[in-house]
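J.: In case you want the letters, here they are:
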Amino acid sequence: LAKTTQPISMDSYEGQEVNITCSHNNIATNDYITWYQQFPSQGPRFIIQGYKTKVTNEVASLFIPADRKSSTLSLPRVSLSDTAVYYCLVGDQSFDSARQLTFGSGTQLTVLP
Amino acid sequence: DSGVTQTPKHLITATGQRVTLRCSPRSGDLSVYWYQQSLDQGLQFLIQYYNGEERAKGNILERFSAQQFPDLHSELNLSSLELGDSALYFCASSALGRGASSNEQFFGPGTRLTVL
Numbered sequence: 001l002a003k004t005t006q007p008i009s010m011d012s013y014e015g016q017e018v019n020i021t022c023s024h025n026n027i028a029t030n031d032y033i034t035w036y037q038q039f040p041s042q043g044p045r046f047i048i049q050g051y052k053t054k055v056t057n058e059v060a061s062l063f064i065p066a067d068r069k070s071s072t073l074s075l076p077r078v079s080l081s082d083t084a085v086y087y088c089l090v091g092d093q094s095f096d097s098a099r100q101l102t103f104g105s106g107t108q109l110t111v112l113p
Numbered sequence: 001d002s003g004v005t006q007t008p009k010h011l012i013t014a015t016g017q018r019v020t021l022r023c024s025p026r027s028g029d030l031s032v033y034w035y036q037q038s039l040d041q042g043l044q045f046l047i048q049y050y051n052g053e054e055r056a057k058g059n060i061l062e063r064f065s066a067q068q069f070p071d072l073h074s075e076l077n078l079s080s081l082e083l084g085d086s087a088l089y090f091c092a093s094s095a096l097g098r099g100a101s102s103n104e105q106f107f108g109p110g111t112r113l114t115v116l
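Sequence lines, in order, name chains A and B.
Heads up, the first sequence is in the numbering used here, so the first residue is 1 and it goes up one at a time.
Heads up, the second sequence is in the numbering used here, so the first residue is 1 and it goes up one at a time.
Here chain B stands alone, though its shape is the one from the complex (with noise of 0.2 angstroms):
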């Protein structure tokens, strides 16, 4: 156990529609990662916030959105959902900014994503 959840564990939709992804990191780390895992694309970087704000940011689709909360959580919004955007979706955390030697992330165990 990683010490991030993230729920739900599954996911389905239909195209068209939007979601919400949710993420707790581990207790205290402040920086929090999203990922999307798809058969042909391997393990993508999305997005990454640090205590509430965006630090960098990768193959993120316009249609996506993430935010930070105060209380530390995440969430990840999919809106115009298409068939392609069907995957696993992973939350990280690490953490990195506040004083660790490395920046190991530790991984949840994914939202799997369907969109028929």
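The following block holds chain A by itself, in its conformation from the complex (with noise of 0.2 angstroms):
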């Protein structure tokens, strides 16, 4: 299983660009990597997955460097709303994969006035 490796807390401002690194060193070939966000008493929410380079959607853009080894979730300009637990995931989308859907501890992402 690919093991993750996030920040556990990251504080920012309202307006400025956050950028959460999660590594995954042994990251397999048929692996993507998925990133959720959590509010509290909330499930996690879905909000970008990649293979490589880059990706990029309405709310935020996803990294990946060649090696994939590491990858960095970035969100534009937050606010205060975007306050919540950012989980980066790393697994196959093979339908009979056993592989478990590991969350891991995620980063706490407290954005301040």
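Please note that a few of the clues may not be correct.
Unchecked claim - Cβ pair distances, simulated, as ranges:
| hint | chain 1 | residue 1 | chain 2 | residue 2 | range |
| --- | --- | --- | --- | --- | --- |
| 1 | B | GLN17 | A | GLU17 | 44 to 54 angstroms |
| 2 | A | ASN57 | B | GLY3 | 17 to 27 angstroms |
| 3 | A | TYR51 | B | GLY52 | 22 to 32 angstroms |
| 4 | B | GLN67 | A | GLY15 | 32 to 42 angstroms |
| 5 | A | THR83 | B | LYS9 | 19 to 29 angstroms |
| 6 | B | GLY84 | A | GLN108 | 21 to 31 angstroms |
| 7 | B | PHE69 | A | ASP11 | 42 to 52 angstroms |
| 8 | A | THR110 | B | LEU61 | 45 to 55 angstroms |
| 9 | B | GLU62 | A | GLU58 | 26 to 36 angstroms |
| 10 | A | PRO40 | B | GLU62 | 25 to 35 angstroms |
Source of the hints: derived by calculation from the structure; they are not laboratory data.
These numbers come from a predicted model, not from an experiment.
By construction, the Cβ of each residue, glycine as well, lies at the ideal position given by its N, Cα and C atoms.
Reassemble the complex: the two chains are provided individually, in unrelated frames, and hints are given to aid placement.
T.: Shown next as structure tokens:
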């Protein structure tokens, strides 16, 4: 199983860009990198997923270097409502995969006014 | 709203008891996942079902069991409850297995279980 390492917490101010890096040194060839966001007492919510290079959607960008041993979630111009825990997951998308879905400890992002 | 529903929202029970948590996946999703989230353990994957069959097993205790019914709803049964079983239990579903390009999971609002 690919293990992920993220910072436990980060602080930022409103309007700033936030970059959260996840380390996954033993990522496998078939693994994708997925980020989820979780607010207190709510279920996690999918943010973005990628395999290599850069992926962008309406809420975030995901940067993955060529060796894929790390990835960076970038949140542009954060607001107070972006205060949440952010999880990095690594795993394949094989339907028959019996691999566990490990969320890890996540990164608590606190956006300050 | 993710489209995944869970009942009940809250459950308070005593040690030694048995409870059943219910989950209805998003319309059309065949894959259902169960997770446990406690303060000291984070979000732990318990078990996955696909179209009625068990697909993957995580850190699920022997006192816990689950099943997925023909109408695709799923139930998580927790028995001989202990104080340490107090947690938020989430159900998620995904379109994996029916041609989806991503295994994005959609989480329900959770059931908060308190064991006294």
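J.: Could you run down the list of hints and mark each one as holding or not?
T.: For each hint, the structure was consulted:
no.: 1; hint: GLN17/B - GLU17/A: 44 to 54 angstroms; verdict: holds, 49 angstroms
no.: 2; hint: ASN57/A - GLY3/B: 17 to 27 angstroms; verdict: holds, 19 angstroms
no.: 3; hint: TYR51/A - GLY52/B: 22 to 32 angstroms; verdict: holds, 31 angstroms
no.: 4; hint: GLN67/B - GLY15/A: 32 to 42 angstroms; verdict: violated, 49 angstroms
no.: 5; hint: THR83/A - LYS9/B: 19 to 29 angstroms; verdict: holds, 23 angstroms
no.: 6; hint: GLY84/B - GLN108/A: 21 to 31 angstroms; verdict: holds, 23 angstroms
no.: 7; hint: PHE69/B - ASP11/A: 42 to 52 angstroms; verdict: holds, 46 angstroms
no.: 8; hint: THR110/A - LEU61/B: 45 to 55 angstroms; verdict: violated, 34 angstroms
no.: 9; hint: GLU62/B - GLU58/A: 26 to 36 angstroms; verdict: violated, 44 angstroms
no.: 10; hint: PRO40/A - GLU62/B: 25 to 35 angstroms; verdict: holds, 31 angstroms
The structure shown violates the earlier hints numbered 4, 8 and 9.
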